[in-house]
Every structure is written in structure tokens, then in C-alpha cells.
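Here is how the chains run, residue by residue.
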Amino acid sequence: MTLVSGWGRFPVVDSDVLRPRSFAAVGEAVSSGTVARGNGRAYGDAAIGAVRTVAMTGFDRIRWFDPVTGRIRLEAGVLLSDLIDTFGPRGFLPFVVPGTRFVSIGGAIAADVHGKNHHCEGGFGRYVDSLLLRTGQGEVIEASCEQNSDAFFATIGGMGLTGIILEATMRLRRVETGWIRERVISASDLDAAMRALEASNAATYSVAWIDCVARGRDLGRSLIYLGEHAGRDELADGIDAFPVGKRSTLGVPIDLPSMTLNRTSVRAFNELYYRMGARRAGGSHVVSLYPYFFPLDSLKEWNRIYGKRGFLQHQCVIPEAGARAVLGEILDRVARRGEASFLAVLKKLGQGDGILSFPLPGYTLALDFPVKGDILNFLDEIDRLVVAAGGRLYLAKDARQSRATFAAGYPALQRFNAIRKSLDPAGNIRSKLSQRLFDEV
Amino acid sequence: MTSRKTAMVLGGSSDIGRAAARAFAKCGYDIVLAGRDVAALEPDAADLRARYNVEVGLHRFDVLDTASFQSFVGGLPALPDVVVSIIGLLGVQANAESDLAHATAIMRSNYEGPALILGLFAERFLARGSGTLVGVSSVAGDRGRASNYVYGSAKAGFSAFLSGLRARASRGGVHVVTVKPGFVRTKMTEGMRLIGPLTVEAPVVGDAILNAVENKTDVVYVSGKWRLVMLIIKALPEAVFKKLKF
Chain D
1 MTLVSGWGRF PVVDSDVLRP RSFAAVGEAV SSGTVARGNG RAYGDAAIGA VRTVAMTGFD
61 RIRWFDPVTG RIRLEAGVLL SDLIDTFGPR GFLPFVVPGT RFVSIGGAIA ADVHGKNHHC
121 EGGFGRYVDS LLLRTGQGEV IEASCEQNSD AFFATIGGMG LTGIILEATM RLRRVETGWI
181 RERVISASDL DAAMRALEAS NAATYSVAWI DCVARGRDLG RSLIYLGEHA GRDELADGID
241 AFPVGKRSTL GVPIDLPSMT LNRTSVRAFN ELYYRMGARR AGGSHVVSLY PYFFPLDSLK
301 EWNRIYGKRG FLQHQCVIPE AGARAVLGEI LDRVARRGEA SFLAVLKKLG QGDGILSFPL
361 PGYTLALDFP VKGDILNFLD EIDRLVVAAG GRLYLAKDAR QSRATFAAGY PALQRFNAIR
421 KSLDPAGNIR SKLSQRLFDE V
Chain W
1 MTSRKTAMVL GGSSDIGRAA ARAFAKCGYD IVLAGRDVAA LEPDAADLRA RYNVEVGLHR
61 FDVLDTASFQ SFVGGLPALP DVVVSIIGLL GVQANAESDL AHATAIMRSN YEGPALILGL
121 FAERFLARGS GTLVGVSSVA GDRGRASNYV YGSAKAGFSA FLSGLRARAS RGGVHVVTVK
181 PGFVRTKMTE GMRLIGPLTV EAPVVGDAIL NAVENKTDVV YVSGKWRLVM LIIKALPEAV
241 FKKLKF
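Line order of the protein sequences matches chains D and W.
Heads up: the first sequence at position 193 corresponds to 193 in the working numbering, and the numbers run straight through without jumps.
Heads up: the second sequence at position 184 corresponds to 184 in the working numbering, and the numbers run straight through without jumps.
Derived from the structure by calculation, the hints contain no laboratory data.
Since the structure is predicted, the reported quantities are computational estimates derived from the model, not experimental observations.
There could be a bad hint or two in this list.
Claimed, not checked - Here are a few chain W residues that sit away from chain D, every Cβ distance over 10 angstroms (derived from the structure): (1) K26; (2) L64; (3) S68; (4) A103; (5) R143; (6) I195; (7) K225; (8) A235; (9) E238; (10) F246.
What the hints assert, rightly or not - Dumping the calculated DSSO-like pairs for lysine-lysine here, alpha-carbon to alpha-carbon at most 30 angstroms: (11) W/K187 with W/K216; (12) W/K242 with W/K216; (13) W/K187 with W/K245; (14) D/K308 with D/K372; (15) W/K26 with W/K187; (16) D/K246 with W/K187; (17) D/K246 with W/K225; (18) W/K187 with D/K300; (19) W/K26 with D/K300; (20) W/K242 with W/K225; (21) W/K225 with W/K187; (22) W/K234 with W/K187; (23) D/K300 with D/K372; (24) D/K308 with W/K225; (25) D/K372 with D/K421; (26) D/K246 with D/K300; (27) W/K245 with W/K225; (28) W/K26 with W/K225; (29) W/K5 with D/K246; (30) D/K300 with W/K225; (31) D/K246 with W/K216; (32) W/K26 with W/K5; (33) D/K246 with W/K26.
Said to hold, decoys possible - Here are some, though not all, of the chain D residues that point toward chain W, as calculated from beta-carbon distances under 8 angstroms: (34) L18; (35) R19; (36) F23; (37) T86; (38) Y273; (39) R275.
Virtual Cβ for every residue (Gly too), placed ideally from N, Cα, C.
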């Protein structure tokens with residue numbers, strides 16, 4: 001047994017980790033209580049097998065690439081960072097990238113990850129044409145919209161619970177450059193932030209950073225980052241069409257004491273960050289895709305800044321109609337609690353594509369909290385607000401929601417479980433997350 | 001006629017082999033992968049073509065079948081510009097202590113085979129007056145340790161061979177690189193307890209090999225820390241060293 005945890009380093013649990021080297025060996029590795037793991041960037045317990053975890057990052061080969069159509073077939077362990085570094089200079093990027101590029105393709109499909117363009121272009125799964133799945137009962141099937149479509153739509157966003165994703169065929173976006181034309185809007189409160197996001201529906205990329213320490217009149221004050229792919233003619237002379245994504249050298253070498261991020265330090269940081277951002281607001285400028293999409297990737301092992309006990313990310317989505325009131329209430333509680341969330345991101349989402357996909361039309365808010373004190377109770381209270389508004393939590397980030405919260409948020413669960421059962425009658429594929437949230441006990 | 005350079009990777013299906021092939025292909029080299037099981041190399045060849053739009057050739061090569069080496073080298077359609085030998089067999093020290101066949105396999109896979117094949121290529125390269133040979137040896141060859149001296153002694157032999165070959169070949173326009181990776185997270189080291197700060201990922205070794213070839217480096221410790229560690233280990237008096245269990 002090995003101690004395994006997700007990116008949030010909470011919980012830390014036992015699971016046998018296997019690293020098969022062939023698809024045949026993947027099949028042999030599956031037994032009761034198995035789930036696949038990519039690069040371990042799910043925050044909680046999604047990529048930890050109930051008994052056994054199958055590490056897939058060794059499967060990192062491209063099968064083929066068609067430069068005319070931008071279609072690519074690859075093994076599930078290929079990292080998005082690899083895809084970007086390899087095909088970016090050739091003029092192709094993934095349509096959807098989450099906040100870190102260090103996720104595997106299999107993981108991105110399983111979580112149906114979203115990016116800053118979900119409001120207009122959908123999630124990762126929308127650009128997956130087909131996938132090769134090793135089901136819990138041992139079949140290897142190709143699944144797409146036309147073929148094994150139930151398995152296909154259950155696998156997109158299915159948190160690895162339909163089987164082990166071996167390969168996928170997906171479409172890449174043709175780009176002229178690896179640069180983004182960024183425009184920053186400052187919003188003095190939550191209303192202004194939501195209005196700005198609403199008004200930016202036509203922007204390809206949009207996301208708001210919220211200062212969660214600000215209270216009262218300033219509650220929800222934000223910087224909104226809009227982005228468009230920059231054309232070659234927008235680059236100054238002598239600038240390479242594709243920027244270099246440096247290997248991060250700056251890291252967090254140790255677990256910082258959990259008091260490092262306290263109310264005062266975060267307040268000071270946020271104040272400075274907001275003021276500097278607000279000063280840049282209005283105009284537009286060209287930035288490399290790396291800092292635009294992956295601001296935290298430059299800080300290796302940033303998860304250690306929350307200390308040894310780990311941290312929780314609470315990411316909910318609230319349907320549009322009730323969003324303003326609930327988001328205001330959540331932000332107010334967070335601000336009053338004073339335990340500052342270092343990162344808070346607000347973003348508009350559209351419809352999800354997979355049966356268990358997280359996104360629904362509305363607003364998503366992501367907050368980070370160190371694991372300490374009464375945080376679990378505090379988040380349970382927040383969950384009540386989310387559920388009452390018809391919202392739900394993102395499974396890729398979750399480590400602690402209750403069965404009731406989950407069931408209320410994901411009404412398609414029954415359909416999902418029926419498909420899962422047909423692919424895996426014996427129930428071999430189970431993760432710590434599925435055990436916690438919905439496997440029959 | 002293409003003006004592109006070609007790099008051949010012996011042991012192309014290993015993790016370091018895959019990483020080295022990618023590093024060279026990314027840099028614009030055409031690639032030749034050689035290994036025991038050509039069919040198993042096909043997906044790697046497809047990967048290199050898809051990623052970097054380079055030519056990739058496959059050849060069967062068995063490091064223990066030294067009788068085939070002459071015809072292997074003679075049968076190549078073209079002499080590569082760079083030959084990298086990643087081949088090695090860690091084996092199990094405890095078994096090698098009493099199982100002569102296993103000990104022989106370790107010695108032949110880490111020394112005899114790699115040295116003979118690079119030696120053959122060296123003759124061809126010297127006749128041509130150009131080329132680079134890369135031997136992936138090991139820090140384990142710097143001093144025989146209780147826990148892996150069968151492997152270590154074979155690597156020591158290989159390191160010594162490369163050192164001598166380098167001295168001779170350098171006068172003929174041929175460069176020889178010795179690579180000592182230290183701990184690398186690969187299938188060879190899977191299950192071993194590796195010391196985190198001294199351990200690197202295979203792509204780092206791949207890049208280091210390419211850089212050594214491009215910069216004509218002689219001996220590369222992939223992580224600079226290993227140079228220091230081995231300097232200390234080599235400096236320990238035998239009376240002290242023999243009491244250590246590692």
C-alpha cells in the first residue's frame with residue numbers, strides 16, 4: 001500500500017499504485033476497487049482507487065496527427081503541457097485548457113475540465129471525437145457520439161468511473177500564435193463583476209479574480225481578464241510566434257507553516273494585486289498563453305503553501321437565476337470568517353456535455369481554504385446555500401461534500417449509474433470518491 | 001538528398017531511449033530506433049513522426065547477439081551521425097551473486113554489448129571522419145558498492161571503454177560522450193526507493209544527452225549533485241567504505 005493524495009493533499013489515504021506498461025497490463029491491473037490516475041491534479045480523492053490505483057502517465061505517445069484537420073489521436077497519459085509545447089509551435093492548441101497545463105488527457109476527459117472559454121465554447125469533452133475505453137468488465141471499446149454513445153457521454157465528466165481511458169481522438173484549434181490579447185476590466189463590487197462578465201459573453205476567454213477579503217461596499221470587487229488569440233500581425237517585430245513555456249524553477253521547497261497565509265498577508269496581497277490590476281484596466285496588451293492560462297504553473301508545488309495538512313478547494317456552480325444572491329451570501333460569509341481565500345475565481349459557465357459533467361449555465365466560484373479549524377462545518381453550511389439554489393460542486397476539486405449535497409446537485413446520477421453498471425456489472429471500477437459519494441455501501 | 005542529421009537510439013523502447021529520441025527529433029534529427037522487439041517500437045516511431053514530422057526507421061538489435069553486430073552495422077542504409085546506447089540491465093544483485101547466468105547477462109548487457117557495438121560504429125565514424133557516440137553508463141560504475149557491484153562493475157568497464165575510445169577517437173574528428181544519469185524514474189527503477197532530490201525524470205536525461213552531443217561535452221552527470229556525491233564516495237578510504245551497506 002502507498003499513501004496517496006490529490007493536489008490538495010487532503011485526504012491522504014492508502015491505495016495500491018500500479019504502473020502498467022502495456023494496455024494488456026492495464027487490463028490485468030484492474031480488479032475490485034480500481035480507478036485510473038493521470039497526473040494527480042484532481043484536488044481530492046477522485047483519482048485514488050478504492051483499493052488500487054492505476055497510474056497512466058507512462059502512456060504518453062501520440063498515435064497520429066493530421067495537420068490538415070488538426071485532429072489527433074493520443075494515449076491518455078499525454079499531458080496537456082506536452083501537447084501545447086509540441087503542437088503549439090506548429091500552430092495548434094487544445095480548444096479547452098483548465099487552470100493548469102499539468103493534467104493528463106485522460107484526466108481532462110474524466111473531469112470534463114472547463115477553461116476560461118466555457119461560456120461560449122464548452123468543455124474539454126466537446127472536442128473529443130472518440131475514446132478507447134477499457135471497461136470494468138474487461139472489454140476494450142471505442143466510444144463516440146455514434147458508437148457506444150452511452151459509454152461516451154458517461155465517460156466525459158465521469159471521473160474515471162466508467163473504466164480506464166486508454167486513448168482519445170480529439171480536435172485541436174488552429175492558432176496563428178501562442179499569444180493572447182488580454183484586456184483587464186476592474187469591477188468595484190460583485191454586481192459590477194457579474195455585469196462585466198455578462199457583457200463579455202462574446203469574448204473567447206473571460207474570468208474574474210475576486211478579492212475575497214474585501215467586505216461591505218467592496219464585497220466582490222474583481223479584476224476581469226478577457227482574452228482573444230492574438231494574430232501574427234498583433235505581435236511586435238522580432239517576437240516569436242510561439243512563446244517558450246519554461247520549466248518552472250521557482251518552487252515551494254517545503255511545507256510552509258499554515259499561518260503563512262493569514263488574514264493580514266492575504267489582505268495586503270489582495271490590495272496590492274487589485275490596485276495594480278485596476279491600474280492596467282482599460283487598455284489591452286499581448287501576453288504569453290502560459291501566464292494567461294496557467295498563472296500558478298510557474299510556481300512548482302504551490303499546493304505546499306497551505307501547509308502540511310493540505311487545503312480544500314470549494315468550487316460550486318450556481319444557476320444563473322439565483323446566482324447573484326447566493327454568490328453575495330457566500331462571499332460575505334467568507335469575508336466575515338476572515339480566513340482568507342488566497343485564490344478566488346468567478347467565471348460564467350455554459351451547458352456541460354457529459355452526463356456527470358460539472359458545468360451548467362450559471363456562475364462558478366472557486367475558493368481555496370487551508371484544512372484547519374472548523375472549515376469542514378463552514379463548507380457544509382456553504383453547500384446548503386449551493387443546493388438550495390440548484391447548484392452543485394465540481395468533483396475534480398471535491399474532497400469532502402456529503403452524499404446528500406452530491407445527490408441534490410447531480411440528478412443524472414441514476415442514469416450514470418445504470419450505464420456504469422452495464423459496463424461493469426461486478427463494480428470493479430471504484431474510487432475513494434465514488435465510495436464516499438455514491439457507491440452502494 | 002536530405003541534409004538532415006540522423007540519430008540512432010539503441011535501446012529505443014526504454015524510458016530514457018524514448019526521451020532521447022524525442023529530444024533529438026524535436027531538434028530536427030531523423031531518428032533510427034533499434035531494439036529487440038521491432039513491433040514494440042512501432043508506436044514510438046509513430047509518436048515521433050506525429051510530433052516532429054521527422055523520418056523514423058526501425059531496426060532489430062539484440063545487445064546479447066554480438067555475432068550479429070557486423071551485419072547489423074553493415075546492413076544499415078546509411079551511417080547515422082549520432083549513435084546513442086541506452087542499453088542496460090539492472091538485474092538483481094542478490095541473484096547475481098550465485099546465479100552465474102544472471103550475472104553474465106548483467107555484465108554482457110551493460111559492458112560487452114554496448115562497448116562492442118559503439119566500438120564498431122567508432123571505426124566507421126573514424127573512417128568517415130565525423131560522428132558522435134553516446135554511451136549511457138552509470139554513477140554505479142564510479143565505485144563498486146555492496147548493493148550492486150555486478151551491475152556497477154560492468155558500468156565501470158563501459159565507462160573506462162568510453163574514456164579510452166574518446167581519447168583515441170577525438171583525434172579523428174569523432175566525439176564520445178559518457179552519460180551518468182544517477183537515479184531516474186523509469187521502469188528499470190520502479191519499486192526502488194529513490195532519493196527525491198537526486199532523482200530526475202527521463203525527459204531531463206533525454207535533453208541532457210542532446211545537449212552533450214550539441215556541445216561536445218565529454219562526461220555528463222545529469223544532475224550536478226551526483227558529481228559531488230560520487231566525488232565523496234570515491235574519496236572514502238576503503239576501510240571506511242567497506243563498512244557501508246549501501
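Name the hints, by number, that the structure is in violation of.
Violated: hints 1, 12, 25, 34, 36, 38, 39.
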